[in-house]
Amino acid sequence: MISVSHKHFFVYTDLLQRRYEYMRSVYLGLTNINDALMFYGFTLKDYNNFEAVFSMYSFPGLLGLKVEDINKPKCKQHDIRNTTYINRKYGNRKISYMKCPTCNHIFSSKQGTALYRSHVADKEYCQVITALAEGMGIRSTGRIFGIDKDTVLRLLKDAAEHCRKVSKYFLQNLHIEECQIDELWSFVMKKEKNLTPLDEIAGAFGDQWIWISIDATHKTIPFFVVGKHTLKNAIALIQGLKNITNDHIPFFTSDQLPHYPEALLRVYGISKIVPSTGRRGRPRRPELIPPPSLKYAQVVKTRRKGRVVDIQVKAIYGNDEDIKERLESSKVSHCVNVSFVERANGTLTHINKRLTRKTYCFSKDISYHKDQLDLSLAYYHLVKPHKGLRLEINQNGRRWQERTPFYAAGLTDHIWTMKELLTYKVP
Numbered sequence: 002m003i004s005v006s007h008k009h010f011f012v013y014t015d016l017l018q019r020r021y022e023y024m025r026s027v028y029l030g031l032t033n034i035n036d037a038l039m040f041y042g043f044t045l046k047d048y049n050n051f052e053a054v055f056s057m058y059s060f061p062g063l064l065g066l067k068v069e070d071i072n073k074p075k076c077k078q079h080d081i082r083n084t085t086y087i088n089r090k091y092g093n094r095k096i097s098y099m100k101c102p103t104c105n106h107i108f109s110s111k112q113g114t115a116l117y118r119s120h121v122a123d124k125e126y127c128q129v130i131t132a133l134a135e136g137m138g139i140r141s142t143g144r145i146f147g148i149d150k151d152t153v154l155r156l157l158k159d160a161a162e163h164c165r166k167v168s169k170y171f172l173q174n175l176h177i178e179e180c181q182i183d184e185l186w187s188f189v190m191k192k193e194k195n196l197t198p199l200d201e202i203a204g205a206f207g208d209q210w211i212w213i214s215i216d217a218t219h220k221t222i223p224f225f226v227v228g229k230h231t232l233k234n235a236i237a238l239i240q241g242l243k244n245i246t247n248d249h250i251p252f253f254t255s256d257q258l259p260h261y262p263e264a265l266l267r268v269y270g271i272s273k274i275v276p277s278t279g280r281r282g283r284p285r286r287p288e289l290i291p292p293p294s295l296k297y298a299q300v301v302k303t304r305r306k307g308r309v310v311d312i313q314v315k316a317i318y319g320n321d322e323d324i325k326e327r328l329e330s331s332k333v334s335h336c337v338n339v340s341f342v343e344r345a346n347g348t349l350t351h352i353n354k355r356l357t358r359k360t361y362c363f364s365k366d367i368s369y370h371k372d373q374l375d376l377s378l379a380y381y382h383l384v385k386p387h388k389g390l391r392l393e394i395n396q397n398g399r400r401w402q403e404r405t406p407f408y409a410a411g412l413t414d415h416i417w418t419m420k421e422l423l424t425y426k427v428p
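Residue numbers for the sequence shown follow the numbering used here, so the first one is 2 and each next one is one higher.
A portion of the hints provided could be inaccurate.
[Claimed, not checked] Label-pair restraints from in silico Cβ distances:
(1) V310 - G282: 47 to 53 Å
(2) K315 - E162: 39 to 45 Å
(3) K233 - L199: 16 to 22 Å
(4) G411 - R281: 32 to 38 Å
(5) L289 - P386: 41 to 47 Å
(6) R281 - I245: 44 to 50 Å
(7) T357 - V310: 36 to 42 Å
(8) L289 - R400: 47 to 53 Å
(9) D200 - R358: 43 to 49 Å
[What the hints assert, rightly or not] With a cut-off of at most 20 Å between alpha-carbon atoms, the simulated SDA-like pairs for lysine to any residue come out as follows:
(10) K385 - H351
(11) K420 - S109
(12) K150 - K166
(13) K191 - G204
(14) K365 - M190
(15) K233 - E201
(16) K158 - H176
(17) K95 - K111
(18) K191 - F363
(19) K371 - W401
(20) K365 - R140
(21) K385 - F363
(22) K243 - G204
(23) K229 - D256
(24) K385 - A132
(25) K100 - E403
(26) K100 - R140
(27) K420 - E403
(28) K150 - E125
(29) K100 - R118
(30) K166 - G411
(31) K302 - I312
(32) K100 - V427
Keep in mind the hints are simulated off the structure, nothing from the lab.
Note that beta-carbon positions come from the ideal geometry of N, C-alpha and C, so glycine has one too.
Generate coordinates for the entire structure from the input sequences, incorporating the hints supplied.
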């Protein structure tokens with residue numbers, strides 16, 4: 002008969018073994034670290050101390066880790082660049098440690114970057130991500146650099162998550178004078194005509210339209226939405242754009258898609274109370290009316306046999322005089338057009354292999370579809386110079402000053418490199 006102490010011993014050994022195997026899967030990248038914490042009852046998502054013990058003491062340290070060590074509150078100074086390097090390194094690549102001046106917490110110098118916890122060398126990491134951002138496919142990138150396609154996908158996901166944070170940090174309280182909106186067709190896994198009834202219910206496969214908005218002056222793409230061709234996604238695009246801009250309402254232009262007038266009215270419209278008629282019955286609901294500052298015009302194209310034979314301009318919100326006044330004050334447009342957003346669609350198709358119409362590199366998972374878009378847009382905004390934004394300077398033997406969209410908008414002061422993008426620590 003087994004005593005109580007022996008029972009506790011075997012239970013403890015079993016939990017210890019399970020914990021070791023779970024930590025090993027985290028180390029190999031097979032399991033998310035948040036899932037590991039929840040598996041052992043740690044509800045706090047912050048795991049700085051968890052990773053510090055892992056880096057310094059490896060698995061033995063994890064097996065002896067206490068819950069109270071994980072639940073220590075995070076110091077706000079960890080993500081600020083006033084930390085100091087200390088004379089201690091780890092790993093085969095001799096990565097430096099940093100020390101927080103507030104709480105004396107020690108952590109990796111790569112924490113807060115896309116290169117954190119990556120087993121790929123920094124130079125090769127940047128080259129792989131640059132290849133993906135320039136329009137190469139997953140498998141072709143893996144063959145060129147001699148790494149597995151699953152490794153390329155993991156690097157893409159880490160880089161996209163970091164690029165998403167960087168873009169969100171810069172795209173705040175924007176002032177946009179003229180905004181063009183449009184949709185770009187793409188698909189995931191299979192085309193719409195090949196969907197099964199179950200696929201249609203799930204909504205993750207088939208046509209996935211990329212709803213984008215562009216600042217016509219600085220060529221920035223402040224917000225985009227990936228989804229079906231529905232009014233809901235049109236509203237999400239306009240609402241997301243409103244959330245990252247200031248109180249100024251841009252001058253909107255688009256094609257003749259019927260979703261945009263309703264979406265603009267729902268997001269920017271003001272409620273007007275309908276006066277009572279004095280009759281019996283339920284009172285009428287308040288009506289939405291466009292504010293006086295909302296100006297919106299459509300470009301209506303007439304096609305015959307696939308070719309545009311006529312173009313008309315239709316003022317939706319505001320009259321013709323209001324539209325003419327906005328065009329006279331515009332720095333880039335002399336007429337109502339959607340040229341800039343359509344050119345941006347062409348750029349995205351060029352630098353994103355998943356958006357090419359006839360290719361084997363189409364997305365099989367919508368999450369990777371969005372990840373590639375986040376990477377492509379960050380590369381477009383910060384790293385890739387835009388020929389339409391260069392300035393003629395004629396100084397020191399240089400005729401042109403190259404600029405990126407963020408540089409032209411005053412959000413940055415120079416053209417970034419890929420390494421700067423991947424190692425930028427968001428405050």
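Do the hints match the structure? See the list:
1. V310 - G282: 47 to 53 Å: At roughly 50 Å between Cβ atoms, G282 and V310 fall inside 47 to 53 Å, so the hint holds.
2. K315 - E162: 39 to 45 Å: 41 Å, holds
3. K233 - L199: 16 to 22 Å: Holds, since K233 and L199 (Cβ atoms, about 21 Å apart) stay within the stated range.
4. G411 - R281: 32 to 38 Å: 60 Å, violated
5. L289 - P386: 41 to 47 Å: 42 Å, holds
6. R281 - I245: 44 to 50 Å: 47 Å, holds
7. T357 - V310: 36 to 42 Å: 28 Å, violated
8. L289 - R400: 47 to 53 Å: 51 Å, holds
9. D200 - R358: 43 to 49 Å: Once the Cβ atoms are compared, 21 Å apart, the range 43 to 49 Å for R358 and D200 is violated.
10. K385 - H351: 13 Å, holds
11. K420 - S109: 17 Å, holds
12. K150 - K166: It is violated: about 25 Å lies between the C-alpha atoms, which goes past 20 Å.
13. K191 - G204: Judged against 20 Å, a Cα distance of about 12 Å means the pair holds.
14. K365 - M190: Holds, at roughly 4 Å.
15. K233 - E201: The hint holds at about 16 Å.
16. K158 - H176: 30 Å, violated
17. K95 - K111: Status holds; Cα separation ~12 Å.
18. K191 - F363: 9 Å, holds
19. K371 - W401: Between K371 and W401 the Cα gap is close to 34 Å, so the pair fails against 20 Å, i.e. violated.
20. K365 - R140: 13 Å, holds
21. K385 - F363: The given pair, whose Cα atoms are some 23 Å apart, is violated under the 20 Å limit.
22. K243 - G204: 26 Å, violated
23. K229 - D256: It holds: about 17 Å lies between the C-alpha atoms, which stays within 20 Å.
24. K385 - A132: 13 Å, holds
25. K100 - E403: Answer violated: K100 to E403 is near 38 Å, above 20 Å.
26. K100 - R140: 40 Å, violated
27. K420 - E403: Holds: K420 and E403 sit about 19 Å apart, inside 20 Å.
28. K150 - E125: OK: K150 and E125 at ~14 Å, within 20 Å.
29. K100 - R118: Distance ~18 Å between K100 and R118 Cα, so the pair holds.
30. K166 - G411: 19 Å, holds
31. K302 - I312: 5 Å, holds
32. K100 - V427: Status holds; Cα separation ~18 Å.
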